[in-house]
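A.B. asks: Just so you know, the sequences run in chain order A and B. Be aware that the first sequence starts at 210, since it is given in this note's numbering, and climbs by one per residue. Be aware that the second sequence starts at 197, since it is given in this note's numbering, and climbs by one per residue.
One thing to keep in mind: the hints can contain errors.
Cβ-Cβ distance ranges computed for the label pairs, FRET-style [to be verified]: (1) A:281 <-> B:324: 45 to 53 Å; (2) A:484 <-> B:403: 29 to 37 Å; (3) A:404 <-> B:615: 14 to 22 Å; (4) B:328 <-> A:339: 44 to 52 Å; (5) B:503 <-> A:404: 36 to 44 Å; (6) B:503 <-> A:390: 42 to 50 Å; (7) B:398 <-> A:230: 51 to 59 Å; (8) B:504 <-> A:431: 54 to 62 Å.
Computed from the model, here is a short list of chain B residues facing chain A with C-beta under 7 Å [as the list claims (entries may be wrong)]: (9) 262; (10) 367; (11) 375; (12) 380; (13) 451; (14) 454; (15) 484; (16) 550; (17) 611; (18) 639; (19) 643.
I should point out that these hints are in silico values taken from the structure, not numbers from a laboratory. C-beta atoms are modelled at their ideal positions from N, C-alpha and C, and glycine is treated no differently.
Chain by chain, the residues run as shown.
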Amino acid sequence: MNNQSEQAEIVRRSLKRRYRKERRFRSYGILAIALALGALIILFADIIGKGHTGFLKTTITLDVEMDSERMYLEDPTNPDEVRMADFVEPLIVSLAKILPDATEDDRDALRGLVNAYSANQLRNELTANPDWMGTTQTITFLANSNVDVYVKHKGDDAYSIKLSEQQQAWVDELQERGVIETRFNDVFFTSGDSRDPARAGVLGAIVGSLLTMFVTLVLSFPIGVAGAIYLEEFAPKNRFTDFIEVNINNLAAVPSIIFGLLGLAVFINLFGMPRSVPFVGGLVLTLMTLPTIIISSRAAIQSVPPSIREAAEGIGASKMQVVLHHVLPLAMPGMLTGSIIGMAQALGETAPLLLIGMVAFIVEVPEGFFDAATVLPVQVFLWAGSPESGFIERASAAIMVLLTFLMSMNALAIWLRKRLERRW
Amino acid sequence: MQPVTLFFITLALIGVAYALGYFRSRALAAPMGGIRHLKSLPGYYGVRAAMWCGIPALIVLVLWASFEDQIIQLLVLGSLGPEMVPKSIGEASLLMSKISNVASGALSPDSVKEPIANAAELLKTLRENSETYMTLLVLSVAVLAGFVGWYRIQPRLNAREQVESTLQWIFFACAGVAILTTVGIIFSVIFETIRFFGMVSFTEFFFGTSWSPQVALRADQVGSEGAFGMIPLFTGTLLISAIALLVAVPVGLFSAIYLSEYANKHVRSVVKPLMELLAGVPTVVYGFFAALTVAPFIADFAQTLGLNASSQSALAAGLVMGIMIIPFVSSLSDDVINAVPQTMRDGSLALGATQSETMKQVIFPAALPGIMGGILLAASRAIGETMIVVMAAGLAANLTANPLETVTTVTVQIVTLLIGDQEFDSPKTLAAFALGAMLFIVTLLLNVLALKIVRKYREQYE
Chain A
210 MNNQSEQAEI VRRSLKRRYR KERRFRSYGI LAIALALGAL IILFADIIGK
260 GHTGFLKTTI TLDVEMDSER MYLEDPTNPD EVRMADFVEP LIVSLAKILP
310 DATEDDRDAL RGLVNAYSAN QLRNELTANP DWMGTTQTIT FLANSNVDVY
360 VKHKGDDAYS IKLSEQQQAW VDELQERGVI ETRFNDVFFT SGDSRDPARA
410 GVLGAIVGSL LTMFVTLVLS FPIGVAGAIY LEEFAPKNRF TDFIEVNINN
460 LAAVPSIIFG LLGLAVFINL FGMPRSVPFV GGLVLTLMTL PTIIISSRAA
510 IQSVPPSIRE AAEGIGASKM QVVLHHVLPL AMPGMLTGSI IGMAQALGET
560 APLLLIGMVA FIVEVPEGFF DAATVLPVQV FLWAGSPESG FIERASAAIM
610 VLLTFLMSMN ALAIWLRKRL ERRW
Chain B
197 MQPVTLFFIT LALIGVAYAL GYFRSRALAA PMGGIRHLKS LPGYYGVRAA
247 MWCGIPALIV LVLWASFEDQ IIQLLVLGSL GPEMVPKSIG EASLLMSKIS
297 NVASGALSPD SVKEPIANAA ELLKTLRENS ETYMTLLVLS VAVLAGFVGW
347 YRIQPRLNAR EQVESTLQWI FFACAGVAIL TTVGIIFSVI FETIRFFGMV
397 SFTEFFFGTS WSPQVALRAD QVGSEGAFGM IPLFTGTLLI SAIALLVAVP
447 VGLFSAIYLS EYANKHVRSV VKPLMELLAG VPTVVYGFFA ALTVAPFIAD
497 FAQTLGLNAS SQSALAAGLV MGIMIIPFVS SLSDDVINAV PQTMRDGSLA
547 LGATQSETMK QVIFPAALPG IMGGILLAAS RAIGETMIVV MAAGLAANLT
597 ANPLETVTTV TVQIVTLLIG DQEFDSPKTL AAFALGAMLF IVTLLLNVLA
647 LKIVRKYREQ YE
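Sequences and hints are given; from them, build the entire structure.
C.D. replies: Structure (structure tokens):
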């Protein structure tokens, strides 16, 4: 009796310590979750913080006087000669007009404010409107990418400003007068890659990604579903079937870069397919996503209740009819969900595509499966490695575009699952 | 005709064959008194004719398109005569590109030797004719086989059985793609690896401590012999993976424990999808984050502590890789913790143990094999991860255990060696394949081991 109450006393005294331990253990769990979610928030905040300016472009609006003498033209009516005219001079003249403190020595500094492509733009506009010759037109040009960086990131140490003191003062003044403005960056969505950050866009990469994903989807979905049907419904229980299963499970965990080696050695070197094209990229990604699609499709087939099969067999359907007419339609939502998730993985994949040459610098928007192309994640990789600071925000903006695609695909998968999946 | 156009034409022919087969079976059945006298439904006769038409033609098309270049190259190089036959693969590809330059008109035929000019002429005609032959062959196979399939339709023919067994073979072939992929991976690394070991010795590769694969172009250049010791790459990979696991295992494990044992339904339904989001972020995004945000931050922070950190430290790559595999560890641990039977929990709690004591002394030991399996899978993921290290870790192969220094990894070297120009007769390019073989073997072993442990553990509680 005495002994028991002594024990109870010991236990009671230790309780406080044990509860403290309990609380500490619990707080470790909360801390772990906070760390994980904190990392997620920092990651997204960092990308958005860096990238939101990528959706803005800096423009400079000038009253350009198309004076044939200043453009060194002898015959302003001759279109061939007009094409060869000096289109830089009118830009410098119109800038000098609104910046009265600029002298003749500042010509290069003035020229450094407008984009290097502006002269081409002016030529194209003048070729399209020959009657502009001799008049003064208000035209909006892209600013130089150094001006772009300065306007967006004044006073931020992470960006190196490449404008001289004087140029900075001019830009400040022009900004105040509304000559230099920032507006929505339509160039970013309507053009391919460029060496000039101000004119670089993601359209080429988006089209390349869509072409690659199309090849992947068209190949991996039917093959994956057919493979899953065979393994679930027709495969005899023998060693060979086991071997296929082990293979699929292992392939799902093989590092993605190995698939790049496979693509390089087999598709490009052995079969002689061209490098850098969406078709080969699609083939490589197909092999990579197949295991994911097969595994999720098998799970979807397994979830169809046996009563459906038995009922169909009972009224005389053959095995193939049971599968194609009853099991497959009922398993389809699950298969689609799994495939969309597999496709989302493939869309974000970079490493294997580097090895098959989809890292080339490509300006044109690809038009077919055999045109040299790049994809969104590779474009991010290329821009992130560029020394020009203007590309950092373009890379972040491209990441935001990529994440938008991925999230909408995942949302579609969740919606499909909720909408179509049946509980038995 | 382009293979793609030909493919669509074949598809159209398949459609025609279906329709013809369908109507022929109906026409045959009509005088007998309707389709109930057919052995199968008319649609099956249509599908049977379509299969006859399509399958052989598509096989021919795919084979031709795959091997066209090889066969042309063999024919062209074979035409050169015995004295000009190239001795190595590199020489062959050099010669071939010269010939195709002549053929395309980039080089004038007068500027090269006569056999080469002749070979270029041959290449030109072969290329032109190849497409014509392919078109003719594919279309005639489709039409002939389709005709045979159509002609042999009889009311007593069991078309359904034939269609179904063919379909089953097609399904089997699709499942077999997985085996083909594995075989393809093995073959694509094995040949180049064997050739690599013909140039660099086993002992140098496995025990050498310096890695500088830049083979000089000229023999008299400084450092003209590349060094191919993989030890620094191996230790670099291990260092970064170890940092990643040090981050991911505790965080992943504790969040899994909290979510499965403490959190209520509401918290779980919010936190779990958010954690999954972390798994859905592409690796190139993590690489960007590591290279442009985390690495400069660590370098600055180390400087304020008086330490010297490289701007491409192993720590940055490892930390971010750890964040990437947190959801991997946590979802696998969640599965195994939930697989521990509730009775064990109830028993421990009934004896008066607190929840954390139950967790630590009952559930965790029971779940340990499964958790170990999950950690092994995570480790194989970390070793094979490419983009984060390509962007955030360096290229310098340092043999160091200091996480603030730059190290390089196996995957970084594979990418660097294979981006850009590849010469398949220099050990530099072949080294990438040897590294790939090592990577494949190591991750395969880890995966097999992990899957075995996880499966064994599952059986225990079933």
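A.B. asks: None of the hints should be skipped; say for each whether it holds.
C.D. replies: Going through the hints against the structure:
Residue 281 (chain A) and residue 324 (chain B) have their C-beta atoms about 50 Å apart, which keeps the hinted 45 to 53 Å range intact. The hinted range of 29 to 37 Å is satisfied by residue 484 (chain A) and residue 403 (chain B), whose Cβ atoms lie roughly 35 Å apart. For residue 404 (chain A) and residue 615 (chain B), the Cβ-Cβ distance of about 19 Å falls inside the hinted range of 14 to 22 Å, so the restraint holds. A beta carbon spacing of about 48 Å between residue 328 (chain B) and residue 339 (chain A) agrees with the range 44 to 52 Å that was offered as a hint.
Separation of residue 503 (chain B) from residue 404 (chain A) is about 38 Å and conforms to the stated range, judged on CB atoms against 36 to 44 Å. Between residue 503 (chain B) and residue 390 (chain A) the CB atoms are about 45 Å apart, so this pair conforms to the stated range of 42 to 50 Å. Take residue 398 (chain B) and residue 230 (chain A): their Cβ atoms lie about 53 Å apart, and the range 51 to 59 Å holds. At roughly 56 Å, the beta carbons of residue 504 (chain B) and residue 431 (chain A) sit within the given window of 54 to 62 Å.
Residue-level restraint check for residue 262 (chain B) holds (minimum Cβ-Cβ distance to chain A is 5 Å; threshold 7 Å). With its C-beta approaching chain A no nearer than about 4 Å, residue 367 (chain B) sits inside the 7 Å limit, and its interface hint holds. At its closest, the beta carbon of residue 375 (chain B) sits 5 Å from a beta carbon of chain A; the interface hint therefore holds under the 7 Å criterion. Hint status for residue 380 (chain B): holds, given a least beta-carbon distance of 5 Å to chain A, under 7 Å.
Given the 7 Å rule on beta carbons, the hint for residue 451 (chain B) holds: about 4 Å separates it from the nearest Cβ of chain A. A cut of 7 Å between beta carbons decides the hint on residue 454 (chain B): the least distance to chain A is about 3 Å, and the hint holds. Interface restraint check: residue 484 (chain B) against chain A, minimum CB-CB distance 5 Å, threshold 7 Å, status holds. At about 4 Å, the closest approach between the beta carbon of residue 550 (chain B) and any beta carbon in chain A falls short of 7 Å, and the interface hint on this residue holds.
The interface hint given for residue 611 (chain B) holds, since its Cβ lies 6 Å from the closest Cβ of chain A, which is under the 7 Å cut-off. With 7 Å as the threshold, the beta carbon of residue 639 (chain B) comes within range of chain A, its nearest partner Cβ sitting at about 6 Å, so the hint holds. The restraint placing residue 643 (chain B) at the interface with chain A holds, with a minimum CB-CB distance near 4 Å, inside the 7 Å limit.
Of the hints listed earlier, there is not a single one the structure fails to meet.
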